[in-house]
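**Q** Residue numbers (this note's numbering), protein chains in the order written: chain U, 1 to 456; chain S, 1 to 190.
No lab work stands behind these hints: they were computed from the structure. By construction, the Cβ of each residue, glycine as well, lies at the ideal position given by its N, Cα and C atoms. Honestly, I wouldn't trust all of these hints.
Unchecked claim - Selected chain S positions facing chain U (in silico; Cβ < 7 Å):
#1 Tyr50
#2 Gln74
#3 Lys178
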Amino acid sequence: MRKLVLLSFLIYAFGYSQNKQVLYDFSNLPQTLLLNPGAEVSHKFHVGLPLFSQLSVQAGFTGFSAYDIFADDGIDINNKIRDAVNNYGTTEFMAVNQQLEIVSAGFRLNETNYLSFGYYQEFDFLAKIPRDIVDLFYEGNTDINRRYSINKLASRAELFGVLHVGLSKRVNSKWQVGGRFKIYSSVFNVNSKLNSGSFFTEQGSNNSYNQHLDNVNFLMQTSGVFIDNGEDVDASYFKSKLLFGGNLGIGLDIGFTHQLKKQWIVTGSILDIGFVNYSKNVESYKVSGDYEVEGFQLNFDPDNPEDYWNDLKAEFDNSIVSDTLYKSYVLLRPVKLNGSISYSFGQSYNDCRFLINPNTYINKIGFHLYSTVGAVHSYLAATLFYERRLSKYLQTKITYTADPYSNSNVGLGIATQLGIFNAYFMADNLLSLNNLYNAKSASFQLGINFSIQTKN
Amino acid sequence: MNINLVFKIKKYLIVALLVAIVIQGCTKDVDFKQLDDASIHTTYLLTLLYTNLTVVNFLDEFNNEINFTQDVIQVQISDESRGYLEKIEFTVVTENTFDRNFILNTTFYDEFSQPIYQVTPEINIAENSGELTTIIEIPEEDIHVIYDAKYFGFTMILLPSADGSSLNLSDTSTLTIKSSVKLYFNYRDL
């Protein structure tokens, strides 16, 4: 039952990509420090509203949208499924990432250093599904000599908690650098990557066809999925695993902000340089080998009857070896890269004093690149953005992103600062808002903080 | 009108518009009940049986001609695909250099070795026939027997010669049989 509960959870929750292009470097929000520990901060201190300082959800599938299949348009659903399969690329991926900040806080140590820390829970899922697998399921294997390959089949799912502490330091008037140390505690992990092998049918010599499993190498590692009998999987189980009772790992984020010229700023960050050591409740499956079969060769020899079925099965088991492994394993965290360049313009006007403030600008335009690099999957997204300070209390940002899901992803963020109250909401794929079912991906982040700004 | 007031009103109108865009997310009509009508037709091709029979297979220990020979395969077919398998199509390729006619008969047996189904039609293999392809289909209403069967029995019947002659050990003729099966699935109730 416990296995079932965890597997059900796995099936229901998928995710991964984690591009937060609207939040990145936006409005001095404390959460920008999680995307760039070297971001500029203007707070004396900040405290996130516990459990509400950041909720972030992202989901997407590059293959097709729900509307492609379920549109109420009078077209036979089977034709729509066929069209979706026909348009399926060589490999498509499905991803969801969810992050919930439990606690978040920070304070200024002195004029140049800002210390921030917190704890968040994160869930990641990614599945890369090659077209060969889809075709094998949808059409079958009657295409002689076609190789159905699992080479690009990969998946990853993980639930973990992260305790972090970071320092953002102003080095001089042009440079701000920062780093963040993280401790990961993984509740469960499932991953399968670097698989190889193919299945194909060719004309045979002794029989009409010869069927092959060629160079099969499949590995699925799991940790925390198959639980020891003595452990109960309930709320306290998840709590203890999230709070450092799980498989532990460490990581590092580094980042910078550089004032290139008065109105030009360059930023960059590398996140999650680290690893997790999986040693608890490890159960992994490995399948490898080569096998070919022409069928059952009947001998029609009543004096020497043969057990054809079991002989074939034994031959298969000897050729394709299946092992269950209980050895601990180490996985590097997928590294995320951010980089941006921006230009600020339009000096702000102080309504009360009837003065132009020469050091603050109300507009910012720029370009942001985001990439993940990992053994399972790599991802690249490019964003153009425009940020505008509408008032002392309100700031907005509009983004236009091209990524593997879409070339026309428009995002919007709003942040408000009323006294010490700071709230933000951001979402992307706004062009799909008139029909959410037609969106191949969607994401939002929202949160509430309390902060005191330093005087400019 | 105060110009600053105009600017402020404009700002808040923009914000209101943006907020309205964000919160007015809507959807066009979709019908998830269509899934009830979805079906995926998939065909799998499997290599099956083959044999190469010579005169030895039709002679007894005293080298007397026997009029049939048999073989049997014990099978373990999983029930998982029951309900989705719509059609089974066997393709049998024969080549006979004997001066004799043969009949290949296939029968399914239950766990008590009782016959429960005979594949029809039987395959007639004419004397000295070149490569012949016979396609046999098991109709949908009979497919359940595949799951009930525990043994597949094959009987090769040697028909009497027209001139009354018998096979002898010096005969170098062969009868080859090759076969494959196509399994037609219809995945419904996805």
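**Q** Against each hint, give a clear statement of whether it holds in the structure.
**A** Here is what the structure says about each hint:
For Tyr50 of chain S, the interface hint holds, since its Cβ comes within 7 Å of a Cβ in chain U; the closest pair sits about 4 Å apart. Taking 7 Å as the C-beta cut-off, the interface hint given for Gln74 of chain S holds, the closest approach to chain U being about 5 Å. Satisfaction of the interface hint for Lys178 of chain S is found here, the shortest Cβ-Cβ separation to chain U being roughly 5 Å, below the 7 Å cut-off.
Comparing the model with each numbered hint stated earlier shows that all of them hold.
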